[in-house]
Every structure is written in C-alpha cells, then in structure tokens.
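**Q** Given next are the chains, with one letter for each unit.
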Amino acid sequence: GAVVSQHPSWVICKSGTSVKIECRSLDFQATTMFWYRQFPKQSLMLMATSNEGSKATYEQGVEKDKFLINHASLTLSTLTVTSAHPEDSSFYICSARDTMGQETQYFGPGTRLLVL
Amino acid sequence: QKEVEQNSGPLSVPEGAIASLNCTYSDRGSQSFFWYRQYSGKSPELIMSIYSNGDKEDGRFTAQLNKASQYVSLLIRDSQPSDSATYLCAEDSGGGADGLTFGKGTHLIIQP
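For the record, the sequence lines run as chains C and X.
When you line the first sequence up against this note's numbering, it's residues 1 to 116, in that order.
When you line the second sequence up against this note's numbering, it's residues 1001 to 1112, in that order.
Calculated from the structure, these hints are not laboratory results.
None of the hints are false.
Capping the alpha-carbon separation at 16 Å, the derived lysine to aspartate or glutamate pairs in EDC-like fashion look like this:
| id | chain 1 | residue 1 | chain 2 | residue 2 |
| --- | --- | --- | --- | --- |
| 1 | C | K66 | C | D88 |
| 2 | X | K1002 | C | E59 |
| 3 | C | K55 | X | D1098 |
| 4 | X | K1067 | X | D1027 |
| 5 | X | K1104 | X | E1003 |
| 6 | C | K66 | C | E87 |
So here's chain X without its partners, still in its complex pose (with noise of 0.2 Å):
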C-alpha cells in the first residue's frame, strides 16, 4: 500500500517569512512528485513538480526531493496572505499511468 505522509497543520506563518512543507512517502520505487495548492472547495493546482534529487526552484517555490531518505519538501519564500491553503503532496509511482498518490494535505495560513 503507497503512503504518503503529511503533517496537516495547520501551519501558521508570518507574511514575508519562509513556509517550509514537508512530505515523506512509502514507495521506493516512486519517481515523480508534485506539490498542489488547493483553496477551499475547489480542485487541486499544480504548483511544483521534481523527478530527480535535489531542488527546483521556479519563482518563490522550491521543491526538494531525497530519494534515499523518501522525503519531498516545498519552500515558500516570501510568503502572501493568498498563499493560504492546503498544500497537497503527490506521487506517481506508475510512470504515469496510474494515478497519483496524495497526502492529506497541510493546511497553510499566512498571518499578515
């Protein structure tokens, strides 16, 4: 059975410090990873993903992945009261063909 764990928060951060979220998951075998922002009542967005170790960066986000400790994290610089919500990790152990894995998600507020 695939895991994947998340702390769910809520996590509480002051605007303009950095959020760091944090993802552990079960199957070595799993090679894609993805984080998702999802407000309230509404579907998941893609914000990051990372297929290989180390970080990506893309705007305010970076995405760090270590494979031999199973551990995906997601850093927020600069954190905007809209950054507020739920943070979704996901994995995708099938190469694409199967379904993502999530977490349940850490509930993110940005204090202004």
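Pulled out of the complex, with its shape left as it was, chain C reads as follows (with noise of 0.2 Å):
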C-alpha cells in the first residue's frame, strides 16, 4: 500500500517551453500532497504544499506564478513549471500524507526535468 507515481519520470524540454508533472497516490486518498526540488548533491527542498480544492502554500522564494500547482482531487496534484530555464533543472519529487491522519509522507518515484 501507499503507493505514489509521477509522471513523466523524466523529461527534456526546449528553454521557454512548459512542463506538467503529475503525481498521483494510488491506493489511497491524499488532501496533502508536498512538492519537493532536489539539485544534485543537495538535499530535498519542499517547494509548496498543496491541498485538495485550495491554493498551495509556497516556500519562501519560490515563485508561485512559475511553479504553478493545482490539486483537484483527492489523489491527483500537478505542477507545472512555466517558462523554464536551464536552471529550473532538477529532480522534482512529490509527496503524498494520506487522509487517515497518519503524519507519514509517501514519496513518488521522482521526475528528472532537463531544460536546454
């Protein structure tokens, strides 16, 4: 059980272009699901936290008209990365806290964005 997935796992765009990440939790319902960013040899940075049916809450720094999240059901979120540069490349990872009240965080296998 527990099970979150990403798509695409990795992807490769033209600078300018827009990317759509999606993360899904399959076996169970998730009204919170997180945003992370990893830049090689660092560690993971939450991004934003977005919740089923409001707005995401973003981090300190991180532009929220580029990173645009939506989160329309309980077991779906996207984000999109708008517009990106060389430097938005990295290793982007959701994470999915299902509805029951566990405080546990279940990680997506992680999506590889590539911006030339």
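Assembly of the complex is requested from the two constituent chains, each provided in isolation within its own frame, with the hints serving as guidance.
**A** In structure tokens:
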C-alpha cells in the first residue's frame, strides 16, 4: 500500500516551454501533497504544499507564478513549470500524506527535468 | 528557520558491522522524525519514523530520539553492501500539515 506515482519520470524540453508533472496517490486519498526539488548532491527542499480544493502554499523564494500547482482531486496534484529555463533543471519529487491522519509522507519516484 | 544537521560523510563501515548515523535539529517544537534512504538517482524511501523519546527497533534498524538534546540517530546492525546509500534525516514540526525539513544526508558506504 501507500504508493505514489509520478509522470513523466524524466523530461527534456527547450528553454521557454512549460512542463507539467503529475503526482498520483494510487491506493489512498491524499488531502495534502508536497512538492520538493533536489539539485545534484543537495538535499530535498520543500517547494510548496498542495491542498485539495484550495490554493497551494509556497515556501519562501519559490515563485508561485512560475511553479503552478493544482490539486483538483484527492488523488492527483500537478506541478507546471512555466517558461522553464536551464536553472530549473532538477529532480522534482512529490509526496503525499493520507487522509487517515498519519504523519508519514510517501514519496513518488521523482521526475528528472532537463531544460536545454 | 528550521534546520536539520547531518554529517555528510562519507561514512565507511565494514560489512557486518554496526553503522551509526546521527542528526540534530533546531526546532524544539518538532514532534515527528524520519529516516529515509536514498539511492543515487532515486527518490527517498522511508526507513523509520519515531515520535517518542527512546529507541524504536525494526529489523536491523534502530532509531533513537532524545528530544532534550534535539538528537536523532539511526543504527544499522549487520550492515550489508546493499545498505550503501545516502541516509536523510527529516523532521516534521507541523503535525503533518507542513512539509518535511531534510538534512543534507549522510553518504554511507558498506565495505565488503
């Protein structure tokens, strides 16, 4: 149980294009999902908290107009990197917390983004 | 600013020995602590969670928490080469509503 999927697993795009990443909880409902970013040889940094049916909460320094988050259902959150630039190249990982009140976060397999 | 500190390593341990990983945190209000294992190029995998002072054992893994000292540790007994990975310590001071704050991770190498 507690499986989180992400799609795509990797993407290469040209500078200036937008990229959408999906995060799904497969066997549980998640009112809250989280988006993290990890640069090479660094730890995971929380970008934003995504709550079903409401606006996402962004961490300091993360541009909400650049990283659009939509959490339209209890099993799906999407992150859209708008007008991507090479410095946005990173490993994007989502996590989900189930609605049963458990504090454990289950991580998706990650999406590796390369912007040329 | 919440901080989680870990020695980045690498920590080299012979196969079969005990690996000891340490972590300190700055937020005294933190209630939940987690150890994740991350293989190169992969996302983190939950190893242990601990919420109360003391020890928590699960197979070859033992997590230890000392809230007074703001210290969390992970012991891996009978270390195997497959345990070689980066171990991330994380804390959650938001009761699950906030994301996790991660340390930078300790790179563990188990020598055959």
